[in-house]
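Undergrad: These are the residues of each chain, in order.
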Amino acid sequence: MSSTEALREHEAQERKANRARAKAGRSVIFKIIRCDGPGKPSRWESFKVPVEPGSNVISCLKWIAANPVTIDGKQTTPPVWDSGCLEEVCGACTMVINGKVRQSCSCLIDEYAPLEGDTITLEPMSKFPVVRDLWVDRARLFNALKRVKAWVPIDSTYAQGAGPKESPEHQQTRYRLSECMSCGCCLEACPQYNIEEDESKWDESFIGAHAISQARLFNEHETGKRLKGERLEELSDKGGVGDCGNAQNCVKVCPKHIPLTESIGAMGRATTIHAIASFFTGKK
Amino acid sequence: MGNDSGFMNRHYFLLRRLHSLSGILPIGVFLINHLLTNSTIAWGLVNSRASENVAPGTIEQVGEMTARRVGTFQHEVTFINEMPFLVLIEVTLWVSIAFHAILGVYFARTGKSNTARYAYQDNWRYSLQRLTGYIAIFYIFYHVATLRWGWTFMSPTDEPWSHSQAASTFSLALRGQAQGIGFGGILVSLFYFVGVTASVYHLANGLWTAAITWGLTISESAQRRWGYVCAGLGAGLMLMAWSSLIGFLLLDVNHARAVEADMHAAHGTHVETTLPVAEADH
Ligand code: HEM
Ligand code: SF4
Ligand code: SF4
Ligand code: FES
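From first to last, the protein sequence lines are chains A and B.
Heads up: the first sequence begins at 1 in the numbering used here, then just goes up one per residue.
Heads up: the second sequence begins at 285 in the numbering used here, then just goes up one per residue.
Just chain B, same shape as in the assembly (with noise of 0.2 Å):
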């Protein structure tokens, strides 16, 4: 099967811990981040600080909690984007992802799912590692061009997703318009819930397998034990993973709009002011 098939089998080995390893670190530990990050929106209300930058006007006009949740998170996604080398992460990040992405559906195709014949719990999960990293594929790639790549027509809105207007943005990406949600908004809003629960499952599992495949845990008792810690892992991820999304799907866009013009002024950047959304969509 020519040269590809030579390069695999000689470096065969470190290509299969690279893959292990690169579920782990970069990718699994900037999903914890990322999930980390975008749950602020939820529990960002609990963040009395964060409204210190947002007018007291504004503040009446879109009441406390969204200007705390609005104003914890756009505050993360500064920091991030303030931070030195921040293209050299990136590419790390989808570099380590299309290597994960490629090797891992080479993976996948080497194995045939029986769980019709042996349905075993742990015969489910390692069907379903499978199952939610080709779903993770379509997800991330979904996530990322309409998102950072701007590929707006596959996405409910035509406005680009802004760093600086990170949580208002992304709402409208999410929902296609300024309150409520409209079908296209549903679709999206399902997808990214299949999407994050497909990955979150994928990362926790995979922790658990790489424990083996390391050979971390050996006995089953030490393996349960593990089991459990990644279980742990996996329920706290997940419950920040839907707290984002109802955090976003239950924002009003003119409201966060407005928190996040007050924060820049703050910061002193200047933000191009986009109109209110009923008059700038169409």
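Same shape as in the complex, but just chain A (with noise of 0.2 Å):
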């Protein structure tokens, strides 16, 4: 077992012994930080929930926010947050939940507060703008995909016959970097992506885990590998592979345990051979 695999079982383990002490009837302390807008203060509001067994975090913000009163029974507005899938494949309900990042519709209450009068704290992703509350703006994410043009160039407006033929092993490799659902919890966690509203600084900030992986998956791909040489620049410049420090916290964090720090390790390796390349051909 990996070290990121153990840990991962250790975290596992804690939750399921959570599960197995909790409480039914409860209510839990919910603590959010609400921010009414962008550049706005934020303050903290609680609120006290009932839990159901089954519930999540997800469907107690439902409860809070047809209950908008504080504990103090003070009435505020219902807060604010993003949501999709709802089964933690599209990444839109990310969220830092008791301190550590994660998805919020996945995230079962008796696994994080067991017991009567337990409290979840609630903050809004810190390395992206803040919308509204819990709800941030997760553009500079997506524009990294678009720096390494995570995308298999085609033109398919005529038949081009069949594709490269590809290996089970190759496809098991690329498969699990596939599994990518851009939700910002890898970068969330990195020591070396810090926020940035100004728009025109994000091409050359850390452009984040997340889009060295999808370089390597697209690198990899046979179609793909035609902007290879366009990727392998891209990562090779300011806020490339390079700004990583090799915290690997992102690997750890990652909900759909992609191999992060293999994929840094394989675009370092990938950026040094073209640089030599480069060196000698001339060429790009």
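One should not assume that every hint holds.
[Stated by the list, open to error] So the derived label-pair ranges between C-beta atoms look like this:
1. B:513 x A:155: 43 to 51 Å
2. A:278 x B:470: 53 to 61 Å
3. A:161 x B:520: 37 to 45 Å
4. B:314 x A:176: 37 to 45 Å
5. B:394 x A:36: 29 to 37 Å
6. A:161 x B:503: 43 to 51 Å
Calculated directly from the structure, the hints in this document are not laboratory data.
Ideal placement from N, C-alpha and C gives every residue a C-beta, glycine not left out.
Make one complex out of these two single chains by using the hints.
TA: Shown next as structure tokens:
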């Protein structure tokens, strides 16, 4: 078992133990960061929420939105958050729960606050601009995917015949990388990834582990390969893979267990080879 | 942000990789070599040939073990000082360290440590790499300024370091007195302990991350295996660094001086005799 897997197993055991001792019919305190809009000051508000078996953070947020009264009896606005699939595949509901980043839709209350009066804190991700309350704008994350051209260049206006053959082993490697849902957990936990509200600086600031890994995915694709040079150029420049400081938090918090640090090493190697090749051939 | 960052942006990849390379070659290789030399003040005691050039009377006075330790160390230092193009080697090192340190501070400032929230071992490694880099700047500066440039006003002794009396003058610079240790000496010795420990950690962890930077280690298992190698190297270097310090702390300066004088007599070099410390010191 790798050390990352061991850490995940340890965390899973802790959650399981909490689930086993969860008290039925209890109430849990939700401490939430509230912010009325971009640039507005933020404040904490607490709510007392009755939980049912199987409640998750979003179902509790819905309860609060329907009963927006704080623990001290003050009427407030319904909290705002983002979500989509409600089954941990879209990444929209990502937030910081009890100090760590994860998806809120799949976050079971039994695993985090098993006893009467236990507290769950909710904060928006700190690396993206807040739209309102727990809802952030992940546009920079998607911009990073554009920077590395995370797509297969193909003109589908006419039939091009059969595509290149793919080996099962190769397919297995790529499948793991393809599971990224652009949630932003890897960026939130990364000490080298800082919030940047100025859009004009996005192309020079650290691109993030998700995009490094997606560059690898599409470089490994038989047709996607055609843009390999351009992707490696982008990853060599300022804000590319060189800005990673190898803290390896990304791989530990990725909900899809994507081998991000392996992708970082792989792109380190690819940019090394690319640089040597272009030094001798003059080709980019 | 002006021309500087324009230059930086245009040559970003090259600068990044030169930063990584400079940490290993020449700085890292020098550090290994330097610790190897310095630790002879401890393991020199197994070098039975080291006392060959020391007069029997001196050996009787200082003891066989001191004669061997000081003899081996002085032999190494003399060898280094007789190397051709020594100035070139020195300047290369200074330029490399300045380059690595300036860029290192710049890179370190791009990150924001978050070990409070994500208290993973690897995350601590990352933060320590930055912290030890900062410590190394102050430490290396102090080390070079007091010993190489002779800025003794920062040192617990007035006597500048001399390569012809390497062990005795360094021991003085560390402790400030011929035997035992004073208050200033305790401070300097602690600083040396922290500085050298930080430098060794920084090199060992830097070797580990450099393998990812250059793409030598990709899979998690490869990174783990290379991690054992780096940890082993780091532990070995740490032992050398600490034993050097202990070796110099447990040295009688006047005894070392007697051995050094004999060495130079045998080597045919003329050394201006320095008076025993008790009288020369103030
Ligand atoms: C004792 C002398 C030093 C040695 C032997 C040394 C060695 C190294 C090595 C081998 C690396 C690995 C490069 C990589 O990960 O690719 C490194 C990285 C680094 N060094 Fe040093 N270094 C020294 C002094 C310094 C100083 C004075 C600083 C100033 C703060 C510094 C700051 C850094 C930083 C921030 C990194 C990480 C770079 C990154 O991962 O982006 N180092 N060092
Ligand atoms: S390994 Fe790199 S990308 Fe991942 S968290 Fe650390 S610094 Fe960020
Ligand atoms: S790599 Fe993992 S943590 Fe990062 S965006 Fe993709 S799924 Fe989320
Ligand atoms: S709502 Fe899609 S991941 Fe939670």
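Undergrad: Indicate, hint by hint, whether the structure satisfies it.
TA: Hints, one by one, checked against the model:
Taken as a hint, the range 43 to 51 Å holds for the pair residue 513 of chain B and residue 155 of chain A, whose Cβ atoms sit roughly 49 Å apart. Between residue 278 of chain A and residue 470 of chain B the beta carbons are some 55 Å apart, a value that agrees with the proposed interval 53 to 61 Å. One distance hint, 37 to 45 Å for the beta-carbon pair residue 161 of chain A and residue 520 of chain B, is violated here, with the actual separation near 59 Å. Between residue 314 of chain B and residue 176 of chain A the C-beta distance comes to about 42 Å, which sits within the given range of 37 to 45 Å.
The given range of 29 to 37 Å is respected by residue 394 of chain B and residue 36 of chain A, whose C-beta atoms sit roughly 31 Å from each other. For the pair residue 161 of chain A and residue 503 of chain B, the beta carbons lie near 35 Å from each other, so the given range of 43 to 51 Å is not met.
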